[in-house]
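**Student:** Chains as they are written, first to last, in the working numbering: chain S, 1 to 394; chain D, 1 to 394.
Note that these hints are calculated values from the structure, not bench results.
Treat the hints with caution; some may be incorrect.
Unchecked claim - Examples of chain D residues lying across from chain S (beta carbon under 8 Å, computed):
1) Ser44
2) Val62
3) Pro64
4) Gly105
5) Ala111
6) Leu117
7) Ala278
Glycine residues also receive a C-beta, built at the ideal position from the N, C-alpha and C atoms.
2 protein chains.
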Amino acid sequence: MIPNKYITWGNSGAIIRELAAYGAQRAKAVGPENVYDFTIGSPSIEPPKKFLDTVDELMKTVSPIELHTYAPAAGLESVRKAVAGYLADSFGVEYSPDDIYMTHGASSALAIILAALLSEGEDALVLAPYFPEYKIYVEQAGGRLIEVPCDADFQTDLDALEKRLTPKTSVLIINSPNNPSGAVLSESSVKAISELLNRKAAEYGHPIYIVADEPYRELVYGDIEVPFIPAFYDNTIYCYSFSKSLSLPGERIGYLAVSPKAEAHDDIRAAVNGAGRALGYVCVSTMFQLAAAQCLGVTVDISKYDNNRLLAYTSLKDMGFACVKPDGAFYLFIKAPDGDSQGFCRKAMEKDILLVPGDAFGCPGYARLAYCVSNERIRRSLPAFKTLAEEYGL
Amino acid sequence: MIPNKYITWGNSGAIIRELAAYGAQRAKAVGPENVYDFTIGSPSIEPPKKFLDTVDELMKTVSPIELHTYAPAAGLESVRKAVAGYLADSFGVEYSPDDIYMTHGASSALAIILAALLSEGEDALVLAPYFPEYKIYVEQAGGRLIEVPCDADFQTDLDALEKRLTPKTSVLIINSPNNPSGAVLSESSVKAISELLNRKAAEYGHPIYIVADEPYRELVYGDIEVPFIPAFYDNTIYCYSFSKSLSLPGERIGYLAVSPKAEAHDDIRAAVNGAGRALGYVCVSTMFQLAAAQCLGVTVDISKYDNNRLLAYTSLKDMGFACVKPDGAFYLFIKAPDGDSQGFCRKAMEKDILLVPGDAFGCPGYARLAYCVSNERIRRSLPAFKTLAEEYGL
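So here's chain S without its partners, still in its complex pose:
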C-alpha cells in the first residue's frame, strides 16, 4: 500500500515552485521583463572564477574514470581533511576528518542528521520563521516539529523557547543567516540559547542537540559577524552547503560536521553513516568534492546581492512597507500591511509581483521577497510596488 504521507507530501508544499511556474507562464504572456518574480532563492551571481578554473583544471588533469568514480560514502579522505582543517582554522573548533560527512547539499545533511538524532515520538524545536522542508524531515524521522515564535526583529524569544522545551525535546534547529527573514542570530542570543539548553539538558538528563543549518553563512552584509554555534555549544551538528557561497545549487554539495565535543559523538557518526545509507545516498560527486575542497573560504562577489538588498529595502521602506533590514541571505521579509499575507501576495500577483506568503515559513502575516535577481527586475518592479502601497493606503 502506498503510504498516505508520501502522497500528501508529493502533492503539497510546492507553493514556491508553483508560483515560479506561474511566473514562467505569465512571462510568456506579457514578456519576462514585466513579471517581477521574487519567488525562488536561486543564486544569480556567477560562481567564483577560482571554482570554475579548478573544475577546468580537474577535467584536464584527472582521468575521467578517476574523476567520475565512486567516492567513499562519507566523502573523500582528502576533502574531509581539508574541510576539518578549514573549520578549525576559521572558528577554533578542532574537527577531525572523521567528524565530517559530505552530503548532497544542506537538505540531505538535514534529512540525514534529523533521522540520526530523533527517535519516534520526540520533538524537534525550530526557531521560526524557518524553511518548510524541516517539518517533513522531522516527521519522516517519526518526530514532531514545534515552532518557537521569534520577536519582532526576528531574534530569539528566549521565554517562548523555554516554554516549549520538554523532556521530549531532542533537537533545536537554528538557521542563521535566516531564510526567509534575513536575520542573523547575535552572539548574545547564541550564548543565551546555549545556557538555557545546557540547563534543561541537565534537568532532563539527556542532551539537546542544536542542528545549525548555515548555507547562507558567507552571505552577510556590512560588518555583520555570524557566530559559529559549535564554538559556543558543544552538542552542535553544523550543516553547510556550497550552493550559495559558490552559486552551485544544482550540484548538491555540502557537508555536516559533528562537533568533536558532542555527547555520544561516535554513535552520532555511526548513525549518520547508517541514515545516509538508509535514505539511499551513495556518495557526493568526486569531481565537485575535489573542486569544493580547493575553494573553501572562497565566496561569490556578494556586492550585487548587497546592492539589491539596499534598493529593495530602502524603496519598500520609503513606500511605507514595514520590513526589518536583512543582515544576511538574500531575502526581504515584508509585513503584510493588513496582516493578511495570502491576500497581500494575491494583490501583489495582480500586479505581476510574485512573493511567497510567510505562512509557508511558519510566519503568517509576512511575505518573502527573494532579491537574488537582477537589479533591473527590482527597479522595474518599484512602480508596481508603489501602486500596491497606495492600495493599502500606505
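We have chain S; now place chain D onto it with these hints.
**Tutor:** Same frame as chain S, now just chain D:
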C-alpha cells in the same frame, strides 16, 4: 535518542568497502600489482567520447549559473521527455515525461520507490542473490525483505517464489543482469513470474509491484537480450542508472519510470515526489542531466569487460572451480569448493586475492569476483588462483 538501527547500519555492512580498504593497505606493503583486488564493482572503462564531448560542449555553451542551477525535483522537463521517448522507442512502452523521475543513481531510485510502495508490516520479496542495500531500503520503509532462493543456474525458482507470496506481499525486486551472479533473467522467466504475480494479485485483491533494478542493462555479452520487464508486466517500476553504461558512478545520475499502465499510477507518482522530498533529495545535477539526455543509448565499449569475463571464467573453470558463465554485468560468482564461502575468501585473501563472500548477497557458498579491472590484474592473479585450486584438491 539516536535510533539503534542507524548505528547498526552505520557500523555494519561495509564489508566490500572494508575489503577494498584492506586491499589499498596491502598494496602499499607488497605493491599494487601484487594485490588482486576484485572487490569493488566500479567501472574501469573510460566514459564514451560522446559523453565527454557533450559535457565539454555544455560547459562552453551554457552559462555557469544556468548549468549549475537547481533543476525541478522530478528532473528537467526536456530530460524527462527525452528519457520517456527513448524508452518508448526502444521497448514499446509509451511512457510520458510525467512517468519519469530523475534520481541520484539506482540506489536513490530504490530507496525512494520502496518507501513509496511499502507500508509498515508489508513484505518485499527479492530474487536472490541480491544487492545487500535492498534490505536496508525495505526495512527503512517499515517492511520486511524476504529472499527467494534461485535455482542452480541463478534463474528463477518459480515454486520458491510462489511459496513466499502472501497477502502481505507488496513488491518483488528483480535485478537483471544480476549483481553478483551475472545472470540475465530469460523472457520465459519474466513471463512466468508475471503470470504468477497477476494470479496472486487477483487472489489477494491488491497489486504486487515489480521493482526492476537495471543498472547493468547494457552490459551484456554475445547475443543475449535483456527482457524489458515493464513490457511484460504493467505494475512495474523500472529503476535505471547511468553509472555503468556511461562509467559515471560518482556523479549519481539515474531515473525511475512508473509504468503508464501501473495501478494507482498517479498516487505512485505523487508518493515518489513525496518520498524524494522526505529523504532529503532536491534535484539531480542539471549539468549531468543535460549530458545524459544526449547520451541515451550510448554505452561504454564493453569489449574489455567481455575479454575479462572470458579470461576469468575460462581460467577458473579450467582450474576446476565451479561457476556459471555470466551473461551480463561484470561479476563472476564462484562456488566455494567446500561450500564455506567465508573460508574460501579467507584462503584467497592469504594469496592476496580479494573476493566478496556470497553471504553478503543472500547467497552463502559463493564468492563474487568483480572483473571490471585491468585484464592484467586477472592474468597476474591466475597463478595464485591455481595455488588456491590445488589447496582445495581441485
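**Student:** Now look at each hint and say whether the structure bears it out.
**Tutor:** How the hints compare with the structure:
1. Among the interface hints, the one on serine 44 of chain D holds; its C-beta lies about 7 Å from the nearest C-beta in chain S, closer than the 8 Å criterion.
2. At its closest, the beta carbon of valine 62 of chain D sits 11 Å from a beta carbon of chain S; the interface hint therefore is violated under the 8 Å criterion.
3. Contact between proline 64 of chain D and chain S, as hinted, is supported at the beta carbon level, the nearest pair being about 5 Å apart and thus within 8 Å.
4. With 8 Å as the threshold, the beta carbon of glycine 105 of chain D comes within range of chain S, its nearest partner Cβ sitting at about 6 Å, so the hint holds.
5. Against a cut-off of 8 Å between C-beta atoms, the interface hint on alanine 111 of chain D holds, since the closest Cβ of chain S lies about 3 Å away.
6. Taking 8 Å as the C-beta contact cut-off toward chain S, the hint placing leucine 117 of chain D at the interface holds, the least distance being around 6 Å.
7. Of the supplied interface hints, the one on alanine 278 of chain D holds, with its beta-carbon coming within about 4 Å of a beta-carbon of chain S, less than 8 Å.
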